[in-house]
Amino acid sequence: MLRNTGQEPAPDAPGDLRAIGAHPDHWYPVAWSREVKPGKTFATSFAGEPIVLVRPSAGSVFALEDRCAHRQVPLSKGVVNDCTVRCCYHGWSYDASGRCVDVPYLGKDKLPNGVRSYPCHEGNGLIFVWPGAGSPKAPPGTIGASADRAYKTRRFGKIVRCHYSFMHENLMDMNHQFLHRRTTGKVAPRYRGRRAGPDWFEVDFSFRRPDEKPPLGETVIVGSFRSASADSRDLMTVRTEYPYQTLRFWTAGDKPVLHVWLGYTPVDAAQRSNRTFILLSVRRPKIPGLLDVAWPVLAWFTNRVFAEDCAIVEMEQAAYDSQGGDWNQEVFPPIRELRKLLAANGRPPAHETS
Amino acid sequence: MLRNTGQEPAPDAPGDLRAIGAHPDHWYPVAWSREVKPGKTFATSFAGEPIVLVRPSAGSVFALEDRCAHRQVPLSKGVVNDCTVRCCYHGWSYDASGRCVDVPYLGKDKLPNGVRSYPCHEGNGLIFVWPGAGSPKAPPGTIGASADRAYKTRRFGKIVRCHYSFMHENLMDMNHQFLHRRTTGKVAPRYRGRRAGPDWFEVDFSFRRPDEKPPLGETVIVGSFRSASADSRDLMTVRTEYPYQTLRFWTAGDKPVLHVWLGYTPVDAAQRSNRTFILLSVRRPKIPGLLDVAWPVLAWFTNRVFAEDCAIVEMEQAAYDSQGGDWNQEVFPPIRELRKLLAANGRPPAHETS
Amino acid sequence: MLRNTGQEPAPDAPGDLRAIGAHPDHWYPVAWSREVKPGKTFATSFAGEPIVLVRPSAGSVFALEDRCAHRQVPLSKGVVNDCTVRCCYHGWSYDASGRCVDVPYLGKDKLPNGVRSYPCHEGNGLIFVWPGAGSPKAPPGTIGASADRAYKTRRFGKIVRCHYSFMHENLMDMNHQFLHRRTTGKVAPRYRGRRAGPDWFEVDFSFRRPDEKPPLGETVIVGSFRSASADSRDLMTVRTEYPYQTLRFWTAGDKPVLHVWLGYTPVDAAQRSNRTFILLSVRRPKIPGLLDVAWPVLAWFTNRVFAEDCAIVEMEQAAYDSQGGDWNQEVFPPIRELRKLLAANGRPPAHETS
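Residue numbers (this note's numbering), protein chains in the order written: chain U, 1 to 354; chain L, 1 to 354; chain C, 1 to 354.
One should not assume that every hint holds.
[What the hints assert, rightly or not] Which residues of chain C face chain L? A few of them, derived with a C-beta cut under 8 Å, are: (1) Asn175; (2) His176; (3) Phe178; (4) Ile312; (5) Met315; (6) Glu316; (7) Ala319; (8) Gln323; (9) Gln329.
[Claimed, not checked] Derived lysine-lysine pairs resembling DSS-like cross-links, with alpha carbons at most 30 Å apart: (10) C:Lys186 with C:Lys286; (11) L:Lys213 with L:Lys186; (12) C:Lys108 with U:Lys213; (13) U:Lys77 with L:Lys213; (14) L:Lys77 with C:Lys213; (15) U:Lys213 with C:Lys40.
The set of hints was computed from the structure by calculation and includes no laboratory data.
Note that beta-carbon positions come from the ideal geometry of N, C-alpha and C, so glycine has one too.
Looking at chain U on its own, in the form it has when it is part of the complex (with noise of 0.2 Å):
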């Protein structure tokens, strides 16, 4: 009888990376433009601290803690009046900055101290906040090709039950399309080499179709470039730029026929949960209105694979939640590598408790 040898880590493993945190020094997504409605409050959250976002009628979003400096009940319950969030509960009332600038029983001589404030920033259609105590660096730009009038742009994602190390691993390790075998058919990925930074990471791999034709959904994104190019070449890059991920996907010239940016937010304090935030940028073909008609396929099938995706990383957490620690056995060298950036860019829980 064996035993698994998981239980072991390997020699040069980082610690237990499920338990180093997402490090708050980054612009975090926590909601999408569209969710957050003119005049409204939206409840959201980073690694257990509650953030209500609210939009006044007139102005830009800000970010509160989600909890009244009087009895700790969700500003986000409360009601929006010009640029302030009163509290539902006995009225105590909230500016931007998170200070308390009306209580209707007291005089405004006597008002109590605030709330945390975080910096918020909107832009390509997501909402982002700030976390961390250090000072904030300039707010992410245009993302992937979002921006780009050559692209259609899907918005997609929703909360992840896991750890978000096990969403970049998942990506970034191609060998794992065994998983998708009934929704993408049989696909031989290979490796083609990396290349790293201090925060970032990036794969490349190309892929062969042993026996099979590609189904419809991936004939929606890549197939009328694939046919009209004679450099065909059908590289991937799959990139972690700490905390985010994008993966590019070229059939022939330097624009990806496919690009895709991920954010993947801590939900929970013990960060066992993550919100993902995916933008999938399409390069549109020559046909006028061909990627619109097949679009619904295109929705389809890649919300199939990432539901494919959410059910074995979540698998994975669930491994790890019952077996107090990470057994991971990793064979494959770029995911080792990976592995070591995550944790060295992430936040161990001993500055946590300090």
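Given chain U, put chains L and C in place with the hints provided.
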């Protein structure tokens, strides 16, 4: 960026009020009389101690520990025979004092020890037990106006998932009218004074409606008196008389137009839920039958106000649970005093573990 | 007021019996044969260890640790190829010994370590595994009367949310007939004697019906034999032969009219639930086909008795969980001896942590 200063307790804070247990040396309501049918048992509890109420076909209700001494299964699943309750499993039988009076397969000389019994009192449509080790005081006499034929009384309530102290604070801080804005319209409460004793504390309020008419539910309760009286004054007194609470409302004269009594009985061992029992008595207007006709409106109105209160106190408890402590930043002096009173009369956690 | 004296364990109590694990050095049933289809996997467990059963299209069932050595996801989600199972994620493949025999993107000379395999045996319509580290004993031969054509056998059972020891005690203490009063009518059991060995213990009972007729279900099982025989004696023997249990009932002669075999396999790591497997064999009466006609009545009757037993043992477990210990106040000497036997043959918690 501001930090929510609720993190640091106020200098005169009574430790962690939500960790202080309801003192067991009092009479606590554990069921409505109508819930305990003749010849039947009823399962209830006090702070995690399971209690079975037994009403023999003839004779008074009695209260025992709801566990058979033998295999610890609930006696409330058993059978009532005369003035005993027989366990459903192996048929062990107990009398009103908790003594084991029969084991079908054992001689009467070999009977094992029994179970704990609780002093039990029935009155005002409620069944009370005395869960403490101290010698029982006289049980509550007539509660509020429920025995006065000049009033009509509604009995309602439910299990609320919060510490009993949130209930006391909610009712006594009338500045929370903003919470009920959709039910009661705009009401401006005004603090009028307070009085205190070692185990009681009461606060007076008056009310003003800046610009609106009262809703139908409120008119049913106070409307006809207010208009009919010359010495109108609209006074409300909220009183905590440990461990109960009352609310009285006068429009004129000595007799309140509204008299509410509330009992909060901890359900679970951590006391993070309580069963609230409410006796709401409304003075009958001069026109006979008017109150009876309006009763369904009043029931709808009071249910809705109570539901709004339950929702918010459960949010307070949820915040306490996730924050791991009481971050309350209280600014209203009467509530600060109420918190001290509840802490002083309750049972600190040290007592429970020693 | 009395305190439930169950709080203090009896002087000869075997520590906390509910903290003692089922000893893994035995053959435990983990599935019915019919649950594991050819070419398919089946997910089961022993005491929190996930186990996958694999039945190749041709060949014997085998049992592996239900986690891929790579990323710990269940192999039971994978694909059966010939005599191997392939993980659904990156396609790692294992044979019946747990050896990793293929990683699609790795040379055959670089294959990583595999997973644990379990000795596996199929017989009597059951699949057994040997979860212990000790050398496997001979697997169970013919169970009860299930292979005897003079009997008709029913196979049933379910996951019961309690420690296996509650199951043994429930069946062996026939004084619990009061529990089944609504199903079986009034039955007065009488203890007749006991016999013991190092890993077995058995108790005899006879029964008397004070004033009532037996229910239809019981008549189906024993009725025709009882009336036809001269040396009628109505003897029941309940036997624990670690870790299994049997119940035999004779009305006359050597061959029991009823022969029941029960296996209790711990499901979760804390062993607070078990999967109960029951083989209930009823001797065929002389009239051919009578038992087959009556079978649905017998199924209904035995299901109902079993459901009553499950409900009560789950209440015992719930009491244990809330009391944090075994407050059992046992007065029936055979059950006190049974408890000692289960403790002596089980695995104490110290063993598990060291």
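- Restraint satisfaction for C:Ile312 [CB to CB of chain L, less than 8 Å]: holds (6 Å)
- Message: Next pair to validate is C:Lys108 with U:Lys213; report whether the Cα-Cα distance is within 30 Å.
- Response: holds (29 Å)
- Do the numbers back the hint for C:His176, that is, is its least Cβ distance to chain L under 8 Å? holds (5 Å)
- Item | Holds or violated: U:Lys213 to C:Lys40, with C-alpha atoms at most 30 Å apart | With Cα atoms ~27 Å apart, U:Lys213 and C:Lys40 stay inside 30 Å; holds.
- Message: Would the hint on C:Phe178 be counted as holding, given a Cβ-Cβ threshold of 8 Å to chain L?
- Response: The hint holds - C:Phe178 has a Cβ within 8 Å of chain L, the shortest such distance being about 4 Å.
- Given hint L:Lys213 paired with U:Lys77 - CA-CA distance at most 30 Å: holds (26 Å)
- Message: For the restraint on C:Gln323, tell me whether the closest CB of chain L is nearer than 8 Å.
- Response: Nearest chain L Cβ about 7 Å off; hint holds.
- May I ask you to test the interface hint for C:Ala319 with respect to chain L, counting a Cβ-Cβ separation under 8 Å as satisfied? holds (4 Å)
- Task: Tell me if C:Gln329 is really an interface residue toward chain L, meaning its C-beta lies closer than 8 Å to one of theirs.
- Result: The hint holds - C:Gln329 has a Cβ within 8 Å of chain L, the shortest such distance being about 5 Å.
- L:Lys77 paired with C:Lys213 [C-alpha distance capped at 30 Å]: holds (26 Å)
- Item | Status of the hint placing C:Asn175 at chain L (closest C-beta pair under 8 Å) | With a minimum Cβ separation of about 5 Å from chain L (threshold 8 Å), the hint on C:Asn175 holds.
- Go through the hint on C:Met315 and say holds or violated, using the shortest Cβ distance to chain L against 8 Å. holds (4 Å)
When the structure is compared with the earlier hints, no violation turns up for any of them.
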